[in-house]
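K.L.:
If you want our numbering, it's the 1-based position in the sequence shown plus 1.
Fair warning: there could be bad hints in the mix.
Cβ-Cβ distance ranges computed for the label pairs, FRET-style [stated by the list, open to error]:
{"#": "1", "residue 1": "P273", "residue 2": "K16", "range": "35 to 43 Å"}
{"#": "2", "residue 1": "P14", "residue 2": "L216", "range": "31 to 39 Å"}
{"#": "3", "residue 1": "I272", "residue 2": "P160", "range": "51 to 59 Å"}
{"#": "4", "residue 1": "V264", "residue 2": "Q200", "range": "33 to 41 Å"}
Think of the hints as simulated: they come from the structure by calculation, not from any bench.
Ideal Cβ placement from N, Cα and C applies to all residues, glycine included.
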Amino acid sequence: MSVPFCPGYNQEPFKSLAENYPAAELYPPKDFRIEWGPLFHRGRLDGTARLLAIGQDPAQHEAVARRILVGTAGKRAQGFVKRLGLTRSYVMINTYLYSVYGQTGGNAHIGDAGITAYRNQWIKAILDENPVEAVVGFGGLADKAWKAWLASPAAAGRPAMPYVHLMHPTWPESSSQSAAQHGAAIKKLLTNWNGGLNQLAPAIHHPDVQVPLALYGKKFTDADLPDIPPEDMPAGLPEWMRRDEGWADRKGRTAKEKRRTIVIVAPASEIPA
Numbered sequence: 002m003s004v005p006f007c008p009g010y011n012q013e014p015f016k017s018l019a020e021n022y023p024a025a026e027l028y029p030p031k032d033f034r035i036e037w038g039p040l041f042h043r044g045r046l047d048g049t050a051r052l053l054a055i056g057q058d059p060a061q062h063e064a065v066a067r068r069i070l071v072g073t074a075g076k077r078a079q080g081f082v083k084r085l086g087l088t089r090s091y092v093m094i095n096t097y098l099y100s101v102y103g104q105t106g107g108n109a110h111i112g113d114a115g116i117t118a119y120r121n122q123w124i125k126a127i128l129d130e131n132p133v134e135a136v137v138g139f140g141g142l143a144d145k146a147w148k149a150w151l152a153s154p155a156a157a158g159r160p161a162m163p164y165v166h167l168m169h170p171t172w173p174e175s176s177s178q179s180a181a182q183h184g185a186a187i188k189k190l191l192t193n194w195n196g197g198l199n200q201l202a203p204a205i206h207h208p209d210v211q212v213p214l215a216l217y218g219k220k221f222t223d224a225d226l227p228d229i230p231p232e233d234m235p236a237g238l239p240e241w242m243r244r245d246e247g248w249a250d251r252k253g254r255t256a257k258e259k260r261r262t263i264v265i266v267a268p269a270s271e272i273p274a
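Start from the sequences and build out the full structure, keeping to the hints where you can.
P.N.:
What follows is the structure in structure tokens.
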């Protein structure tokens, strides 16, 4: 059995970026879960990415899988890029290397010079090494991250690039208190994403597959939630971590215990009789 996998950060300039990442000196532990380590990217670093997607911060699924945008958010994002005809030619990074801890940490540090400078090194490396044709920012923090890049000296003189700011994939979950609210929020998210598809599709001149643009309906379908490709993930990662959504959760009786505890549950179907 041959299973492709992400080769990681063995080539420059990404090798040096992965070796020299910031920790507590830029990411205060009271606001970020630095104990789970940095999460750098998902997708292509080999000179073939046509779309750059910026997310916000990693959650528990990402901490285990060591790649960003997996779990529910990842599968929804994967379905979005698929509608653009991209099955592999994309690269994703986050606004923050570490999971935000608490309700205010993300907004409090979006303007931090050190965090911004390191993130801009990643954006510069991606744009220098890949023929990126468009950029999407998922969430308000991602939008601010892209605008901070545009205001940086490294962005000066570069050609303008198509960019859209869209709702974060899991905004419906964070904004809803009931099933009715959740359904309405999903509809609002997909309407927002349809607008993004209409803007981005003309900018993607070299998709992996030529597909007619198809917009979302009022809710996600199974076809809208494809598995994360194996070549996006570290070698040996179980297939169900790419397929399933809710296999990891933070558990604990106290805030401190919950912070340091991630419970992973393999699907019952994976256990031999």
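K.L.:
List, from low to high, the hint numbers that the structure doesn't satisfy.
P.N.:
Result: no hint breaks.
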